[in-house]
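Which chain is which? The protein sequence lines are A and B, in order. Quick note: the first sequence uses our numbering, first residue 1, plus one each step. Quick note: the second sequence uses our numbering, first residue 1001, plus one each step.
Be a bit skeptical, because a hint or two may be false.
Below, a list of computed lysine-lysine pairs in the DSBU-like style, where the Cα atoms sit at most 35 Å apart [stated by the list, open to error]:
# : chain 1 : residue 1 : chain 2 : residue 2
1 : A       : K261      : B       : K1211
2 : B       : K1211     : B       : K1142
3 : B       : K1309     : A       : K28
4 : B       : K1160     : A       : K28
I should point out that these hints are in silico values taken from the structure, not numbers from a laboratory.
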Amino acid sequence: MKRISLAWPRLSWGSLAVFRRNLLVWRKTALTTVLGDVLDPMVALLALGYGLGALLPSIDGVAYITFLAAGSICIGTVYGATFESTYNAFSRLQIQRTWDAMLNTPLSLDDVVWAEILWAQAKALKSGLSIVLVVALFDISRAHTLVWVPLVLVLVGLTFAALGIVISALARGYDFFMYYFTLGITPMVFLSGTFFPSDQLPQALVAVVKFFPLAPAVELVRPLVLGRLPEHVWLNVLQLAITAAIAIWLAAVLMRRRLLK
Amino acid sequence: MSSVAPPSSSQPLNDTGAAGMSAAPPQACTQAPAPALVVDNVVKRYGDRLIVSGLSFSIQRGECYGLLGPNGAGKTTTLRTLLGLTPYDSGNIRMLGYDIPAQAQAARMRVGVVPQMDNLDPDFTVSENLSVFGRYFGMSTKAARARVPELLEFAALESKAHVRIHELSGGMKRRLTLARAMINDPDLIIMDEPTTGLDPQARHLIWERLKTLLSRGKTILLTTHFMDEAERLCHRLGLLDQGRLMTEGTPRALIDQHVEPQVLEIYGEGLANWLGQYTPAPDVRIEVSGETAFCYTADVHALLADVQKRPDLRYLHRPANLEDLFLRLTGRGMREGT
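Okay, chain A solo, but in the shape it has when bound (with noise of 0.2 Å):
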């Protein structure tokens, strides 16, 4: 039997069509969907941040909320980046059987995955700027470094939108994404800095939770939220880049042993 190729997928203009194929039909659904995606996390927001946060010393020197905001706008992100990634991308794949249309078309599994992960990374920034926009509404930030945070969701949806197609390319049924979000996903939601700061966690699962790909996300949106520029910044960003490239590139591996064989 031949092996399957290791190569790193090649990013083509065949994926434009894929891509877009996902955008038409979340057109058919947009006003819907987006009430939901600003709804949910702005109503976790405000009901933490002002209901919880009253009870709350400030942090550092900042109303609870304040802290709270910068977490609330990178889960927004995750979630958005790993519900397309699993659910969604798993019923084109499975259920659907889009992928094997596709692939009847002079499309490479290359383009489609790599369509599939930026779908995921689009959805994942317009759940993560819908919560920006909130912040700055209702003027829980307005601070001017808030415009670099963009530039750090659109990685962070990249390194879980291909996080999230590594877990469809194994999943044999809707079931397995369970595992994934009660084993990885929620631990990372709750204990990377989001409503706390992860120093507050014993010493030993602070170590842990540094590599958890949210951590350095955090790391970075937070001082933007507060006015300031982050420490550390590339090699924030370097471990999330680094995380991204492995897992586009076992996503395509693992679609290839999954589809062309």
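Starting from the known structure of chain A, arrange chain B on it as the hints suggest.
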């Protein structure tokens, strides 16, 4: 997409009577048009299991070629291999002048595929399914949309243009899938069991459409296990079993070659009794399957006279057909995993 220039596409209809296979594909410079497809000694293994074992066949331009075989014979794997979606272990494939898998993407530009399982896009309407699919071939939105009315007419779905996929019947979905495969005006159409699961009306409509395509000079490769479909549509057939081509030729020639011309199917209460005392003539071959004895012979008269004397036997006298051939070559036994 690919910059490889497609080979000339419009070829005259070919003489399709020849059952033999040319050993080497003719070069483009000679008078004879190159075959649409040449499969040469292809081997495919999954681990230790041999799925396709030394398969060779070729299809001329304008020809309809049917790959027949029981479930698990390697039909679908063969089609995937042709499209460059399944790597193979040894051999050669040339499709429309392109090397597979090296130039598979360029080849797929000139091929239309009708898969066994419907994979129409449920998120789109009928006409969106067509135009979105056109974009996968690198067509502009405008060019793809311009193709839609003609394809809707071809599929007899003009009135359903703005209907969602789940509102279509099985036959309509198949027709739309066929129309979708035509979006790029392909030279070769590859179909995996095009009428499985359809009612007779829907099947006839599909057959009629396929004949239209053949009359336009398209080349068709289809897999089927419906013998009437194979007999009706295909100029030539290849019978596949356990990844091997058992035999190949026109439907009539294959039957003549492998099966006695007359068949007497005998059944009824007295069958066991009759079988016990009947000593078959040397030119009569009997196969018993379940409650029926299939008697194959060149001259049925003596046998018929014998059976007609027995009131506890009933019979059906008919000419041999593809199903007899199929069962003769692949056996009557139930197969593992089917």
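For each hint, the structure was consulted:
1. Taken as a hint, the K261 of chain A and K1211 of chain B pair is honoured in the structure, with Cα atoms around 33 Å apart against an allowance of 35 Å.
2. Between K1211 of chain B and K1142 of chain B the CA atoms are separated by roughly 29 Å; this keeps the pair inside 35 Å, and the hint holds.
3. As the CA atoms of K1309 of chain B and K28 of chain A are separated by approximately 73 Å, the hinted pair breaks the 35 Å bound.
4. Our distance criterion of 35 Å between C-alpha atoms is met by K1160 of chain B and K28 of chain A, whose separation comes to about 19 Å.
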